[in-house]
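Start from the sequences and build out the full structure, keeping to the hints where you can.
Which chain is which? The protein sequence lines are A and B, in order.
According to my numbering, the first sequence is numbered sequentially starting from 1.
According to my numbering, the second sequence is numbered sequentially starting from 1001.
It should be emphasised that the hints constitute simulated quantities derived from the structure, not laboratory data.
All the pointers check out, no bait thrown in.
FRET-style restraints, in silico, Cβ to Cβ:
id, chain 1, residue 1, chain 2, residue 2, range
1, A, T177, B, F1286, 30 to 40 Å
2, B, E1244, A, D172, 27 to 37 Å
3, A, V159, B, K1154, 52 to 62 Å
4, B, E1069, A, D172, 18 to 28 Å
Below, simulated SDA-like cross-link-like pairs (lysine to any residue); rule was C-alpha separation at most 25 Å, straight line:
id, chain 1, residue 1, chain 2, residue 2
5, B, K1278, A, A31
6, B, K1278, A, E47
7, A, K170, B, D1071
8, B, K1277, A, F109
9, A, K114, B, D1270
10, B, K1085, A, R54
11, B, K1085, A, L24
12, A, K43, A, F125
13, B, K1277, B, N1306
14, A, K114, A, A180
15, A, K170, B, P1173
16, B, K1154, B, E1245
Nothing here was measured: the structure is a model prediction, and the numbers come from that model.
Even for Gly, the Cβ is constructed at its ideal location relative to N, Cα and C.
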Amino acid sequence: MLLSSTLKSAWAKPVAHLLCLVPLGLLLWAAFSDGLGANPVEKLSRETGQWTLRLLMLTLSLSPLRQWSGIATWLRFRRLIGLYTYFYCCCHFTIWLVADHSFDFGDMFEDIVKRPYITLGFSAFLLLLPLALTSNQAMLRRLGRNWKRLHQLVYAILVLAVLHFLWQIKADYLEATIYAIIGVILLMHRVGPLKRLSR
Amino acid sequence: MIKIKKSWEIPESEVTPEPLYRRRREFMRTTAAIGGALLLNPWTGAQASYPVDGYQPKAISLDEEITDEEDATGYNNFYEFGTDKEDPKQHSKRFRTDDWSIDVRGHCEKPGRYSLEDLLKPHSLEERIYRLRCVEAWSMVIPWIGIPLGSILKTMQPTSAAKYVAFRTLHDPVRMPGQQRSVLNWPYREGLTIAEAMHPLTLLSVGMYGKTIPNQNGAPIRLVVPWKYGFKSIKSIVSIEFTEEQPSTSWNMSQSSEYGFYSNVNPEVDHPRWSQKKERRIGEIFKRPTLMFNGYEEEVAALYDNLDLSVNF
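Spelled out as structure tokens, the structure:
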């Protein structure tokens, strides 16, 4: 099959890397060509946040893709995209740390404690760390059965991330609702009725 | 009488002498009339708008850097044209404001439908450079052109029953496509106490950056209340009503726990979901502290002497 062999080819991973770097490239290009609009910090923060969410959802859709398409090779890209998710999340966090708070840790702490959407986003960021650290082969072998248990955390992260988005909306819920619906579908695939359906 | 100089006043010597100022207005009016006639031809599609020639420059000035015009006219909230901050500029291009009129109702001696011309002509325009602080914690410095709201309201002769002034934006989902989605309960409504409305800082604006106000910023006429969060400064006004009861306001109707009637800029009272202590001035990267009443404390604090601002936010 063409798709299956394409996914298996030696080029597939480098191309996947490039694709994951495209958003970063576009943002950097925009940043250096005055293309981020009137409020560049807000734009960068929003874009890196949204790309974190998109890549997270992409990571989680590989397993359903495998089941629906019958092509196991999709899973080759799970770690790669997962790590880019963490990368964009770190960018998102850094913008908040530097531009929003100028490293004022007292202020940040107050934000984390008092603002539910920050609490959720910050928790998601923290929870991603152990997943990123244990994403290599060596850790996979060392943790054995626990590796899978640990990595179930990604579903909690998904919920946190979607709520983090929803909770800061002023009035227009359209975009965040679309993410929420995709999130629910991915969760249903994991724990709900779709799980059986796709087996 | 001792005249206390307000922080926003400029020395009298800087003001253009009256006769010279009058003559210049006259000259500019004539030129504008000719120019306007040329512009209004059907081929250019240019629209009728209130001319801002001959305004008194810097009637109220501010020692802070003025926000880039491009930013002030390309990044703002005006949900009538979409909820992204780039939407208003993009989706208001074909908005026409010809034959604009304002319906004046309620407790006043002179209710009725006023054309923009009739309403504004008796008054002279002045430029005022104000800070603008959005409830979303970003801010700008904008040179508005307009007329103090109080002097216009006085001509309508509000009665003693007029305790509040309620404003409405045009409701026309065809001309304002953002209204096709019910993100807010249209029409957009705002209101002030009569004292706030009569306060000398409160401005009805028809221009900015030395030009007629662009569609995306609330053409042809909008409110500017510099000590309140930006959403109080209602745009594209079609109705003014003097009321006895506190009028309902759009964001308060949408989420009353987050947006109060007063909505004065106040670093001590946070939005329930985010801090109001700091703000990002457009054009800057790091945040700066937000000032009480957006820096107009000296001028307006007395309006709220008997009010607990953490309850009446």
